[in-house]
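A.B. asks: Protein chains in written order, with our numbering: chain A, 1 to 289; chain B, 290 to 451.
Where hints are given, some of them may not hold.
[As the list claims (entries may be wrong)] Going by beta-carbon spacing under 8 Å, a handful of chain A positions derived as facing chain B:
| hint | residue |
| --- | --- |
| 1 | 2 |
| 2 | 3 |
| 3 | 5 |
| 4 | 6 |
| 5 | 31 |
| 6 | 35 |
| 7 | 38 |
| 8 | 39 |
| 9 | 42 |
| 10 | 44 |
| 11 | 102 |
| 12 | 103 |
| 13 | 105 |
| 14 | 106 |
| 15 | 188 |
| 16 | 191 |
[Claimed, not checked] Simulated coverage check for chain B against chain A, where a stretch passes if three residues somewhere in it have a Cβ under 8 Å from a Cβ of chain A:
| hint | stretch |
| --- | --- |
| 17 | 310 to 316 |
| 18 | 351 to 357 |
| 19 | 413 to 422 |
Everything labelled a hint here was simulated from the structure, so no lab data went into it. Glycine included, each C-beta is placed from N, C-alpha and C at the ideal position.
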Amino acid sequence: MFDRVEAFYRPESVPEVLRLLQRSKGQARMVAGGTDLVVEGDRSVRFLIDLTRAGLTYIRSRDTTCVIGATTTLADLEESTAIHALAGGLLSRAAAACGSVQNRNLATLGGNLAHGSPAADMATPLLALDASVVVADGEGRHKMPLAEYFGRAWQNGASHALLIEVRVPMPPQNGRCGWSFQKFGRTEVDLSLVNAAAGLQLDARGRVKWARLALGAVAAAPFRALPVESLMAGREFDHSLLAEAGEEVMREVQPIADLRASEEFRRELSRVVAGRALEECAARAGCSL
Amino acid sequence: MKTMSLCVTVNGESKQWTIAPGDLLLDVLRREGYFGVKRGCEKGECGACTVLVHGKPVNSCLIFAAQVEGGEILTIEGLAQGDTLDPLQEAFLDHGAVQCGFCTPGMILAAKALLDRQPHPTEEQVREALAGNYCRCTGYRKPVEAVLAAAARRKVPTEVAR
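Next up, chain A with everything else stripped away, as it sits in the complex (with noise of 0.2 Å):
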């Protein structure tokens, strides 16, 4: 248990929970799933803040953009029906490959993100589809890419601002589009070793339109691989274009070592599963190689 914690919070609006961290200076912890603050075990904390029920638990599709709340669990995204329309279901499938149910119905988004773990399975997929996230602290709302936001909460600590909502804008409908998430981890419900998000579009010559590549748990945050990306733009999708992006992905992963695998381990891994994922979605895009 947590015996230092003198108050629990239960705020229900987003100026309360903004009121609430400013009051407490620094000796609070907001709180949604639990799954990283309880587990993280820093049990110094003094008060919490509940963001369960401050209103951020939505998935709402507007025309060009769909945007989920920051608490919405990664349940919720493995149901809802129109994360299974984005994408190919891009979002769910990644939702449905993070942990256990029971981790899934507590564990959110917002929290899969704002805890800047390197190895955030929602990370991956979220930045292939150019999403961007909307903070608020005591100065307003702002807007800002989802790589951008990994950054500054490397630099500064992610928690004095409180993470709003995922805005993912609505991908190109038209051609063959493909999509894929592949993790690899050392059981099912394990963290990732490395996980991937591609998507990839095919005009009608089997030639790469674009291409978009994350990847996660291979460097200090999940980032894009844009070199590979360009290095596709224009090809025939075959083999040799597959081998020529995973010897591009091998140099651009920073892979650590620790109890789980080697670098070395990590970095073959990266073009197994960046590979995996670039065919998956052209399978999906309709070229089985």
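Fit chain B to the given chain A structure using the hints.
C.D. replies: Frame of chain A; chain B shown alone:
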């Protein structure tokens, strides 16, 4: 120590408890005598502490008790109707799916949540639903068989599926 009050419904009964603001749901339930909620890894990995909150299985070791204010909780103690066991409990006994019994409450509750949503699951769906419940004695084959048998025995018309 600061305290606060918690109002919840547990196994259909309204409860009002005094808790510490930092109490986890697992701690509170065991303190109040629900020993079917097992303390296992306390990291959300093993599933022994699984309870249903509003019908959904969650790790009670990862959720603060205060977050469940006003909520409905089902523990293994609330599953049998008097002396009549739930078909899932019967099936676990019939199939020898219980050995030491430590993982059993969590497994049965995870399975119940599945059957309430999906009365006729495939084996793969059962395995997915139980993936968050570790067993260190019998393995998973017998529990999976038991859940499939219980599904066959529960005469739930498909259209009632929520």
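A.B. asks: For each hint, tell me whether it holds in the structure or not.
C.D. replies: Hints and how they fare:
no., hint, result
1, 2, "holds, 3 Å"
2, 3, "holds, 6 Å"
3, 5, "holds, 3 Å"
4, 6, "holds, 5 Å"
5, 31, "holds, 7 Å"
6, 35, "holds, 5 Å"
7, 38, "holds, 5 Å"
8, 39, "holds, 5 Å"
9, 42, "violated, 12 Å"
10, 44, "violated, 11 Å"
11, 102, "holds, 4 Å"
12, 103, "holds, 6 Å"
13, 105, "holds, 5 Å"
14, 106, "holds, 5 Å"
15, 188, "holds, 6 Å"
16, 191, "violated, 11 Å"
17, 310 to 316, "holds (count 5)"
18, 351 to 357, "holds (count 5)"
19, 413 to 422, "holds (count 5)"
Consistency note: the structure conflicts with the earlier hints numbered 9, 10 and 16.
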